[in-house]
Amino acid sequence: VRSVAPPRGPEWLLETFLPESLRDAVLGDLHEEFVLHVRPSRGPWRAWCWYVGQVLDSLVPALALWVGRGYAWRILRAVGFGLGVGAGSVAALQWVGDFSRRNVPLRAGLTPDTAYLLLTLALGGLAVAVAVGSVVERRAAAAIQVLLSALLAPLAVTLVLDVSPATFPLWYRLAWMLVAPAAATLGGGISVARRRAGPSLSDE
Amino acid sequence: LRRIAKIDIDTRRDLFYKIEHNVMARGDELGTLEQVVLLALLHLEGEGHGMKVRREIAERTGKNVSIGAVYATLDRLEEKKLLASRWAPPTAERGGRSRRVYHIEPAGRRAIERSQQLLQKLLEGLPALSRRP
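Residue numbers (our numbering), protein chains in the order written: chain A, 1 to 204; chain B, 1001 to 1133.
Next comes chain A alone, as it looks inside the complex (with noise of 0.2 Å):
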């Protein structure tokens, strides 16, 4: 059974973006249609293609589903949450950067402008991290958020400290370690209570 099942990656793909209320009719109809009749009459390789191609037809209509369920609100405010937080942190690193051309020493194998690349990168990631936990329900998702939060809100706060840590003010240094870790926190805290708060798109 093992060899015939669907395609995992487009099948993962359709089942991210399905309303929970249709996940499994939508998936069981396409994987009972792709076991059944498809594979056995085209053989792997053509089932293989009308699989992909269901799957990428499906996407838009499962889109549709989520904006005509009053989520375009919900996905407005994730996109509008990351671009505030990269917008943000952009705008003050730029500003911070300035500050610190004029007045601070730098340490020795680090540039300001590579600090502040990597520093824009991580508080870019944490922003498309927290986006995307707000609008997609899925655990996987759930997984990538906690990864890049993980992966990338220390290597925020050890660039602030690694750049000129004695010389800086310290509201400067307080602020910037502490930005990473509360996009991070505010992320994973919209995860645990859309948990708690059950399946809202289910219709049960």
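Think of the hints as simulated: they come from the structure by calculation, not from any bench.
Each hint should be verified, as a subset may be incorrect.
Here are some chain A residues pointing at chain B (derived, C-beta under 10 Å) [as the list claims (entries may be wrong)]:
1. 21
2. 22
3. 23
4. 24
5. 27
6. 35
7. 36
8. 58
9. 62
C-beta atoms are modelled at their ideal positions from N, C-alpha and C, and glycine is treated no differently.
Put chain B on the given structure of chain A with help from the hints.
Only chain B this time, still in chain A's reference frame:
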């Protein structure tokens, strides 16, 4: 009533027609795919799951509709109370997933009848499109 009296006779007639037939209330109209799905379900004796509906549409019209579009439509029709659904137990052929079986409600039958009547009225007087030679 005073307000209605001020409306000209054609608009009034149109308004009463809409109220009487209840066909043009907001969100009550059936889209093309909704009509197709409802008619396919009627061909399946009023009950079926998404893939069965999809197959029925393909066999009768030659058009391939994605399974996602079929389920999105079924879901919308259920929200409009034109269909109802129940879950069938999971099977190995379905990868351990449950099946959702939809059946048409009396309101669904009425809605499709109204749609067809509306279409028929619009087709009347168009000799090139009607069945008459």
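For the hint on residue 62/A, does the least C-beta distance to chain B fall short of 10 Å? holds (5 Å)
Next item in the hint list is residue 21/A. Is there a CB on chain B closer than 10 Å to its CB? holds (7 Å)
Can residue 23/A be said to touch chain B, with a Cβ gap under 10 Å? OK, holds: residue 23/A within 10 Å of chain B, min 8 Å.
Min Cβ distance, residue 36/A to chain B: is it shorter than 10 Å? OK, holds: residue 36/A within 10 Å of chain B, min 6 Å.
If you take the shortest Cβ to Cβ gap from residue 58/A to chain B, is it below 10 Å? Because about 2 Å separates residue 58/A from the closest Cβ in chain B, which is inside the 10 Å limit, the hint holds.
The hint names residue 35/A as touching chain B; please verify it with the least Cβ-Cβ distance against 10 Å. holds (6 Å)
Measuring from the C-beta of residue 27/A to each C-beta in chain B, is the shortest one below 10 Å? holds (6 Å)
Report holds or violated for the interface hint on residue 24/A, using the least CB-CB distance to chain B and a cut-off of 10 Å. holds (4 Å)
Under 10 Å is the threshold here; is the Cβ of residue 22/A close enough to any Cβ of chain B for the hint to stand? Holds, about 5 Å.
Of the numbered hints listed earlier, not one is contradicted by the structure.
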